[in-house]
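Let the hints inform the model, and build the full structure from the sequences given.
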Amino acid sequence: MRFALLRRTVAALCGLTTALAVGLSAPAVMADGERSGEFDYYVMALSWSPTWCALEGDARQSPQCDDAADFGWVLHGVWPQFHRGWPAYCPTVERHPSRQMTAEMADIMGTPGLAWHQWKKHGTCSGLSARAYYDLSREAYGRVTRPEVFRKLEKSVKLPARVVEEAFLKANPAFEPDMVTVTCRSGRIQEVRVCLSKDLDPVPCGQDVVRDCQMKDALLDPVR
Numbered sequence: 001m002r003f004a005l006l007r008r009t010v011a012a013l014c015g016l017t018t019a020l021a022v023g024l025s026a027p028a029v030m031a032d033g034e035r036s037g038e039f040d041y042y043v044m045a046l047s048w049s050p051t052w053c054a055l056e057g058d059a060r061q062s063p064q065c066d067d068a069a070d071f072g073w074v075l076h077g078v079w080p081q082f083h084r085g086w087p088a089y090c091p092t093v094e095r096h097p098s099r100q101m102t103a104e105m106a107d108i109m110g111t112p113g114l115a116w117h118q119w120k121k122h123g124t125c126s127g128l129s130a131r132a133y134y135d136l137s138r139e140a141y142g143r144v145t146r147p148e149v150f151r152k153l154e155k156s157v158k159l160p161a162r163v164v165e166e167a168f169l170k171a172n173p174a175f176e177p178d179m180v181t182v183t184c185r186s187g188r189i190q191e192v193r194v195c196l197s198k199d200l201d202p203v204p205c206g207q208d209v210v211r212d213c214q215m216k217d218a219l220l221d222p223v224r
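Numbering (full-length UniProt numbering), first residue to last: 1 to 224.
By construction, these hints were calculated from the structure, which means they are not laboratory data. Be a bit skeptical, because a hint or two may be false.
Claimed, not checked - Label pairs and their calculated CB-CB ranges:
#, residue 1, residue 2, range
1, D217, D66, 24 to 30 Å
2, K216, D66, 30 to 36 Å
3, E139, V93, 19 to 25 Å
4, Q207, E38, 16 to 22 Å
5, P177, Q61, 37 to 43 Å
6, Q61, P204, 35 to 41 Å
7, V93, K216, 33 to 39 Å
Claimed, not checked - The calculated lysine to any residue pairs, modelled on SDA-like cross-linking and capped at a C-alpha distance of 20 Å, are:
#, residue 1, residue 2
8, K198, G85
9, K120, G33
10, K170, K198
Computed from a predicted structure; not experimentally measured. Glycine is no exception: its CB is placed at the ideal position from the N, C-alpha and C atoms.
Given below as structure tokens:
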């Protein structure tokens, strides 16, 4: 009897140890389906359109990459964020956006498809209606000055990623270095990410957001 009890106790402890190990090794990202409207701040991602076009858009024949489109820094999205991790695909009672609503966002997001995807993955977690989420996204995009120097490039250049961050900090004096981060992909400048409060004021980014690209020769293509 005592041996059977000891064996069951050991098995239970092993199971608990395994569960704790799995929990500790899990990434910071939150499980899909968090409660809508519960988050700490926003991350606004500005994507350098020529990079996206070179890596993905051209192969998709996206209209965002047409020479006449003239896109530089486009709004990738405005993402509800926790101090650690982030919600995604939240249940919401709000109606999905109409085709007209997503089409109206293409002037700053490149395509209606991106606007739809951002609502589905991130907007549903904002606690806002689709219209209010798009209005907030447009306001956030308008509040950040995008340095004109990058639009003036006439040919591709290689530069330290920190130069891009410094240009944004200079153009936006209210921002501190821990409120802006630059990401790279495939050797190219990919995005500038800015952290904002729920009122769209600049705030420090969480540790899982500040992952500055350290490249000293990141490629930056000119606007098409």
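The hints, checked one at a time:
no. : hint                   : verdict
1   : D217 / D66: 24 to 30 Å : holds (29 Å)
2   : K216 / D66: 30 to 36 Å : holds (32 Å)
3   : E139 / V93: 19 to 25 Å : holds (23 Å)
4   : Q207 / E38: 16 to 22 Å : holds (20 Å)
5   : P177 / Q61: 37 to 43 Å : holds (38 Å)
6   : Q61 / P204: 35 to 41 Å : holds (40 Å)
7   : V93 / K216: 33 to 39 Å : violated (49 Å)
8   : K198 / G85             : holds (16 Å)
9   : K120 / G33             : holds (11 Å)
10  : K170 / K198            : violated (23 Å)
In this structure, the hints that do not hold are numbers 7, 10, in rising order.
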